[in-house]
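Enquirer: Sequence:
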Amino acid sequence: MNKKKIGVIIVLILAIVALFKAEFDFNPSVRVLASVIDFSESTLKSPDYLAYNIDLKDLFRNYANSDLEYSGNAYIKRLKGFPYSITGSVSGQRSSSQRKFSCKSNLDVLVLNVGEMGVYAENETVYLDAPILGDISYGFDTGNNLFLQAPNLNNDLNKEWFHNNKRNILNFVRNIEVSKTESKYIDEDGTESSEYKIVIPKGEGNFIWQMLGMDAPTHDITCYLYLDSHNHTRKITFDLSYKTKGAYISVYGKNCNTIEMYAPLPDGETVIATIKRNGKNSYTNSFTNNITYTTNKGVIYVADFNTIIDYAGEGMNFEATNIKISENKAIVAEGYVKGNVAPVDDLDDIFETAGFDKNKATVIDWATIKNDTASFVSDVISQARKNVEVFNLLN
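Numbering (the working numbering), first residue to last: 1138 to 1532.
To be clear, the hints were calculated from the coordinates, so they are not data collected in a lab.
We treat Cβ as the ideally placed atom computed from N, Cα and C, and that holds for glycine.
Check each hint, because a few of them may be wrong.
Claimed, not checked - Distance condition first, Cα-Cα at most 25 Å in a straight line; then the derived DSS-like pairs of lysine-lysine:
1) K1182 - K1466
2) K1303 - K1317
3) K1434 - K1413
4) K1475 - K1296
5) K1475 - K1413
6) K1321 - K1303
7) K1334 - K1303
Claimed, not checked - Label pairs and their in silico Cβ distance ranges:
8) E1329 - K1303: 27 to 33 Å
9) N1312 - V1436: 23 to 29 Å
10) A1467 - T1421: 21 to 27 Å
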């Protein structure tokens, strides 16, 4: 082969390489497809991945959307206005079908057993039942659904699912609307990613909705994908404005190790929850969590805690450690909870099993509490001190 032919072949190869590179660099659909391949081959294998070593199908079906029983122990080492540690056992049930929840605790202060306290919920209302405080019982109407359903996955989101749906994914990427925007995202390690707006038209992606166990939406779905220079997904945000204006869910991090859920609430309030996986803990599933609730009066309530879960033995074992609850940065409570959760069949009525009568509770609109929390807490403590001799003794 003479030098002229070799030169032509080299030029052709370089042209093909340049063409492919141009496609990857400038064709948004090709970059999105490349990111899907990278996600299945790279992110899913990382111990930092949010759901690494977790069977999401089992988690959603048998825990998030089922009937549960749980039991464990709690320790409150700091409670604002109360200078004593509190220990006790906790137990209860949660039913997705009944839309009810119960949590009963048997508490000890120092060497004194001061009896039971219960927290209950039904639909949109939370109840506090405190015999230890002189049989105080309140209900708080939150105005929000307390029993949201998770997707009932029909398949695990794993490498096998991506492999079995290669053709579906290819056709899907061809039919959705993908456009590159001018926005950038900088990850915590300093990596810059480009934003791609993806609009899933109504009627597309049936294989995805089937996998999620959901009915196909009757409207377009919008999400934003952030890819680094290697087409590695650094962040994906799902716009939930079609449901609640301004709401979203984001998964982000080098290997998608963090999920953030944001929801505007009525009356100008907001709540944001963040769960971040600790990939360094290789023997179990460890997470760092934050829930921030901001009232329309500018008061900020924050709950920070770590959780560890594993599936050794019956059901799911869990620990919530280093719990800190603050009001405008001032710590009002600290403690931990440790226990076990297990799915059960054929639960009886949860309130009847717990011996709780919601009709005896004084139901208060949540707005009344949040607008003057200090006064409400002060009234409850005053009433408790009048009714319960042990508090006067400790005081």
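Enquirer: Hint by hint, note whether the structure agrees.
Expert: Comparing the hints with the structure gives:
1. A threshold of 25 Å between alpha carbons decides the hint, and for K1182 with K1466 the separation of about 38 Å lies outside it, so the pair is violated.
2. Note on K1303 and K1317: the hinted pairing holds, with a Cα-Cα distance of about 23 Å set against a maximum of 25 Å.
3. Between K1434 and K1413, the direct Cα distance comes to roughly 29 Å. Violation of the 25 Å bound is thereby established for this hinted pair.
4. For the suggested pair K1475 and K1296, the alpha carbons sit about 33 Å apart, so the restraint of at most 25 Å is broken.
5. Of the supplied pair hints, the one linking K1475 and K1413 holds, its CA atoms being roughly 20 Å apart against a limit of 25 Å.
6. Between K1321 and K1303, the direct Cα distance comes to roughly 29 Å. Violation of the 25 Å bound is thereby established for this hinted pair.
7. Distance hint between K1334 and K1303 is fulfilled; the C-alpha atoms sit about 22 Å from each other, no more than 25 Å.
8. Between E1329 and K1303 the beta carbon distance is about 30 Å. The supplied range of 27 to 33 Å therefore holds.
9. Our hint of 23 to 29 Å for N1312 and V1436 is violated, since their Cβ atoms are close to 47 Å apart.
10. Remark: the range hint 21 to 27 Å for A1467 to T1421 is contradicted by a beta-carbon distance near 33 Å.
When held up to the earlier numbered hints, the structure conflicts with 1, 3, 4, 6, 9, 10 and fits the remainder.
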